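Number of protein chains: 2
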Amino acid sequence: MGLVIADDLLGRGLQRIQREIDQAFDLKLPVPDDSRASLVEAMRHAAIGGGKRVRPLLLSAVAEMYGVSRPAAVLAGCAIEAIHVYSLIHDDLPCMDDDDLRHGKPTVHKAFDEATAVLAGDSLHALAFEILAGRQVSTDPFIRAELVYALASASGHTGMAGGQMMDMVAEGEAFDLRTVTLLQQLKTGALLGAAVEMGAILGKVPEEGRSHLRAYARDIGLAFQIADDLLDEEGDEMLAGKALRKDAPAGKATFVSLMGVDGARQQAQALSQQAIGHLASHGKEADLLRALAKFIVERDR
Amino acid sequence: MGLVIADDLLGRGLQRIQREIDQAFDLKLPVPDDSRASLVEAMRHAAIGGGKRVRPLLLSAVAEMYGVSRPAAVLAGCAIEAIHVYSLIHDDLPCMDDDDLRHGKPTVHKAFDEATAVLAGDSLHALAFEILAGRQVSTDPFIRAELVYALASASGHTGMAGGQMMDMVAEGEAFDLRTVTLLQQLKTGALLGAAVEMGAILGKVPEEGRSHLRAYARDIGLAFQIADDLLDEEGDEMLAGKALRKDAPAGKATFVSLMGVDGARQQAQALSQQAIGHLASHGKEADLLRALAKFIVERDR
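Chains as they are written, first to last, in UniProt numbering: chain P, 1 to 301; chain H, 1 to 301.
Read the hints as simulated data drawn from the structure, not as lab findings.
Accuracy of the hints is not assured; some may be wrong.
When chains are identical, the list treats them as one kind, so a pair holds in a single copy or across two.
[Unchecked claim] Okay, derived cross-link-like pairs now, SDA-like style, lysine to any residue, Cα gap no bigger than 20 angstroms in a straight line:
1) K28 / L279
2) K28 / I48
3) K110 / C95
4) K28 / E173
5) K246 / G67
6) K294 / Q266
7) K252 / M96
8) K110 / G67
9) K204 / D140
10) K28 / S153
11) K110 / V169
Only a predicted model underlies this, so the values are computations on that prediction, with no experimental measurement involved.
So that you can see chain P by itself, here it is in the shape it has in the complex (with noise of 0.2 angstroms):
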């Protein structure tokens, strides 16, 4: 990826963790021979060898803290990331966002088409859920149904799907940061939230032990996204690998077009700060998650 980090955790967790999930889905995937074969070699180009692998970083860093296996910590992770993937396969088509390049590669209905575009999405979706519900990732039953249900609440109408259709009828209409916030939140929030979740049902901490990773997972998932729309409005596109400066020409509200520049990076700071204080119980244990904190909002990417 190239993506130069000032912190040195950070750094060395980035790459291991790229590495994990490539490694995860090239075994995931293998290319059968017949005629399923390109449907394969899509999902394997969309989902190998790009993308930053924050959602299992995240997952993988909560997981850690609570001496969850490595190797468990992947599988979720990959999951986690199958369905990020899925969503932006979905996002790039002609008929959602029209992109055509994603990662620094063409998008998939690009490099295919269309039809499996949407396939290879729909495959990747219910990847995620065969990995998840296998008895790879952990032996507890109940681990791996509250680890499908985590996922599945926070991707559907309610979660992820349910923030890209109010992103969708964003263009062109007044809303207010109120509604934007709420679209942020289930656009990204929710399986940014998912991904710390899944990380504390791995590490089997009860339900009142999550209330401060979940306030955690809150705040980033808002810096998250405002940094993002700042990069929209101010990024490089070689860098993002993909289409920026989008926005503002649809006519969509964005923190960046409600707070202006300024205030909207004010604001991703202060939730990030805010996040770090919210791991004041934890020592240098949380020391990654303090770090991805800082990272997603000073990213350039």
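Fit chain H to the supplied structure of chain P, relying on the hints for placement.
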């Protein structure tokens, strides 16, 4: 639906499950009072008031043989139907089969728009797993995890979606009977097999006691698809509620093109009889499955 069913047991079973599945979707899909409303309306448009509900009937018929509570079987049936419905929404998209009519109503992308159709399909996909992983289906997390695994593995790239990919490639390819059989086993058979499997999971039927049920499911799955090919060739579009006679112009190899109308009809009947034969160890508790095996090859839609 106005579907005339000769068999009383089957007729009552279909009417009952159709009412129950409609009710379950209605409860699961309240329309929110914000800009997500049209997404949920689109999900309801596709999920409520249409479809024969063959998969939920199959699932609940097996579940009933093993004393499963009706609400649990209906919820699991709602989940598998959500997968079936999402696959129809995506299949009907312009970039896939480009169909305007489904169950006698406009398809989702016609009644709403393409982007909403993509998201409505994705949301029903997630809903299926949210239902199965939730505690309403079963208080036993092992059952919940097994249900998710059965449905996810049957619907992804190694199952239904893989079959749909083969089906797309099939246009203009000179597939032989072996390849068409594999295609159909994936595209239709995998999900019908999952319906039977999920009924057995709910009924806590041990692995070694499921082989005759799996054999039954395999036979009716193939019989179902041969009957579909016959309907495409000979059926009434008004009754079917969708466009027919699409296979031959597309140059697609089907059971009918490979075996002829008479050969295909004989094969479907033979498979239906063979399916019934697998139920020989059961008494009248399996009568609904027997009636279903007959119905599948005799239906007019």
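Quick rundown of the hints versus the structure:
For the identical chains of this complex, K28 and L279 are neighbours neither inside a copy (34 angstroms) nor across copies (36 angstroms), given an alpha-carbon limit of 20 angstroms. When the C-alpha separation of K28 and I48 is checked against a cutoff of 20 angstroms, the pair qualifies only within one copy, where the shortest distance is 11 angstroms, while the shortest distance between copies is 35 angstroms. In this assembly of identical chains, the alpha carbons of K110 and C95 lie at most 20 angstroms apart whether taken from the same copy (13 angstroms) or from different copies (13 angstroms). Neither within a single protomer nor between protomers do K28 and E173 lie at most 20 angstroms apart by alpha-carbon distance, with minima of 42 angstroms and 28 angstroms respectively.
Taking the closest pair of Cα atoms, K246 and G67 never come within 20 angstroms of each other, the shortest separation being 42 angstroms inside a single copy and 56 angstroms across copies. Taking the shortest alpha-carbon separations for K294 and Q266, only the intra-copy value of 13 angstroms comes in at or below 20 angstroms, while the best inter-copy value is 68 angstroms. Proximity of K252 and M96 under a CA criterion of 20 angstroms is satisfied intra-copy only: 14 angstroms inside one chain copy versus 30 angstroms between copies. When the C-alpha separation of K110 and G67 is checked against a cutoff of 20 angstroms, the pair qualifies neither within a copy, at 42 angstroms, nor between copies, at 51 angstroms.
For a Cα distance limit of 20 angstroms, the shortest separation of K204 from D140 qualifies both inside one copy, at 11 angstroms, and across copies, at 18 angstroms. Taking the shortest alpha-carbon separations for K28 and S153, only the inter-copy value of 12 angstroms comes in at or below 20 angstroms, while the best intra-copy value is 24 angstroms. Taking the shortest Cα distances, K110 and V169 sit within 20 angstroms of each other only across copies (18 angstroms), while inside one copy they are farther apart (25 angstroms).
Hints 1, 4, 5 and 8 from the list above are not met by this structure, while the remaining hints are.
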